[in-house]
Structures are given as C-alpha cells and as structure tokens.
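Q: Sequence:
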Amino acid sequence: MSSKLIIYGTKKSAPTRAVLFTIKALDLDFEFRQVDIFAKEQMQPEFIEKNPQHTVPTLEDAEHIIVDSHAIAAYLVRKYGKDDTLYPEDFYACAVVDHRLYYEASTLFATCLKQITGPLFQQNVTDIPKEKFEQIRNAYTLLETFLSKSAYMAGEHLTIADFSIVSTVSLLNLTFVAIDSNKWPKLADWLKRLEALPYYEDISEAALKEYAELVHSKLPKQYEKLWKKAYEEIKSSRL
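Residues 1 to 239 (full-length UniProt numbering) are what the sequence shown spells out, left to right.
It cannot be assumed that every hint is accurate.
Just the calculated beta-carbon pair ranges, DEER-fashion [as the list claims (entries may be wrong)]: (1) V125 - E210: 32 to 40 Å; (2) K50 - Y199: 21 to 29 Å; (3) Y102 - P129: 19 to 27 Å; (4) N182 - A62: 17 to 25 Å; (5) D83 - A196: 16 to 24 Å; (6) R137 - A62: 20 to 28 Å; (7) I48 - E210: 22 to 30 Å; (8) F91 - Q122: 38 to 46 Å; (9) E131 - E46: 19 to 27 Å.
Treat the hints as calculated values from the structure; they're not laboratory data.
Virtual Cβ for every residue (Gly too), placed ideally from N, Cα, C.
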C-alpha cells in the first residue's frame with residue numbers, strides 16, 4: 001500500500017468534505033481518489049474489498065482502512081495533529097465535540113438530509129413533505145442554541161465538529177432551507193466564518209452548486225415556489 005494518505009470520496013458528499021476540511025486544517029499531504037457515487041462506483045468489488053459498507057469517505061493509511069467521516073477526522077487529529085485543538089484530549093471538551101458529531105450524524109445528516117435525498121435519488125419522488133423542512137428549521141434552532149454558549153459548535157475554537165456540521169448545513173442552506181439571519185443570526189455568522197477559511201472554497205463551492213442544481217432539477221415545481229429566490233441570492237453572493 002502507498003505510504004501517502006489516500007482519501008476515497010467525492011466533494012458532492014458532505015462527509016467527504018468534512019474529512020477534506022480536517023486534512024487541510026492539519027496541512028497533511030494526501031491523495032484524493034474520486035469515487036462517483038451517482039455512478040455507483042462505490043459498489044465496485046475492489047472498493048467493497050476495502051470498505052464492505054461501500055461508503056465515502058474512506059481513508060487508506062498504509063495498511064489501515066478507516067471508514068466513517070467522524071472516525072476518520074478523529075483519527076487524523078489524534079495521529080497527525082500538532083496539538084489537540086481540533087479534537088481535544090480533555091475529557092469534558094472531547095465529550096462536547098463527540099456530542100456535536102453524533103448530532104450531525106443522527107439528525108443533520110441522517111434525518112434532515114438523507115430522509116430527503118434518499119427518496120429523491122433512489123425512488124424518484126417529485127415532492128418533499130413540508131414536515132421535512134420543519135425538521136431542518138428545528139435543527140437550525142438547536143444549532144443556534146449551541147452557538148449562544150460559544151463561538152463555535154463545541155467551544156471557543158474550531159474543532160472537527162464544525163467541519164462535520166458545516167459540511168451538511170451548507171448543503172441544507174443552499175438546497176432546502178436557507179438560513180435566515182433574522183431567525184438564526186449566530187448560525188448565519190458562524191457559517192460566514194467557516195466559509196472564510198482558506199481551504200473552504202476549493203473543497204465546497206463548486207460541489208455544493210452542482211449538488212444543489214441536481215436536487216432542484218428533480219423538484220422543479222417546489223424549487224420555483226419555495227427556493228428559487230433564496231438560492232439565487234445565496235449563489236450570487238458566494239458562488
């Protein structure tokens with residue numbers, strides 16, 4: 001196996017972006033191998049041999065294969081970080097980061113995002129129930145609460161929790177429910193600060209735009225009615 005870190009994934013994947021943010025923040029040398037999940041490349045036998053869950057991202061570090069973006073990010077910081085800033089060793093601080101990671105995995109990604117995009121891409125649904133949007137709004141409100149206590153999602157400095165959450169929230173914001181700065185001012189400010197990171201644009205911007213436009217093409221009626229104005233405003237200011 002190669003001695004260089006290898007990341008398998010696609011920038012259209014929120015979990016892949018979370019790992020790329022982490023590896024860029026750590027300033028590590030790595031190779032990125034594109035896996036087109038829309039073309040089912042993750043189902044190829046050689047990929048399944050590495051990762052039987054056939055998910056992205058997947059990390060290859062010498063003889064080790066690690067899956068799940070949260071596990072990968074924590075591993076990278078623990079093994080290669082110059083300090084523990086991104087994933088603290090202090091028991092309480094680490095527990096807070098872990099909680100935010102679990103919240104992102106169970107609610108933001110699994111409930112808010114995948115319960116919409118799963119039926120959209122796998123079952124070709126043409127309408128999203130309104131309660132799905134309400135779930136996203138409720139999630140935004142809880143994130144606003146997190147940020148009422150600290151500058152970042154898990155404390156006063158950037159952690160891998162921010163990387164995981166921004167990877168999903170930026171997609172929800174652009175694609176389904178725009179973050180209203182009047183309703184969620186701290187969340188809107190936090191997102192702007194994450195977007196200002198020097199590696200954010202290269203990792204996210206084009207992929208977010210492509211993914212959002214793919215979603216909108218699947219839901220033309222709802223897009224025209226619910227999202228077009230907000231999406232065009234966000235796109236013109238950032239993309």
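Q: Compare the structure with each hint and give your call.
A: Each hint tested on the structure:
1. Restraint check, V125 to E210: a C-beta distance of roughly 20 Å breaks the suggested window 32 to 40 Å.
2. A hinted range of 21 to 29 Å for the beta carbons of K50 and Y199 is consistent with their spacing of about 26 Å.
3. Taking the beta carbon of each, Y102 and P129 are about 25 Å apart, inside 19 to 27 Å as hinted.
4. Checked against the hint of 17 to 25 Å, the pair N182 and A62 fails, with Cβ atoms roughly 50 Å apart.
5. Here the CB-CB span from D83 to A196 is close to 22 Å, well matched to the stated 16 to 24 Å.
6. Our hint of 20 to 28 Å for R137 and A62 is violated, since their Cβ atoms are close to 44 Å apart.
7. For the hinted restraint 22 to 30 Å between I48 and E210, the CB-CB distance of approximately 26 Å keeps it satisfied.
8. F91 and Q122 have their C-beta atoms about 41 Å apart, which keeps the hinted 38 to 46 Å range intact.
9. The supplied range of 19 to 27 Å is broken by E131 and E46, whose beta-carbon atoms lie about 41 Å from each other.
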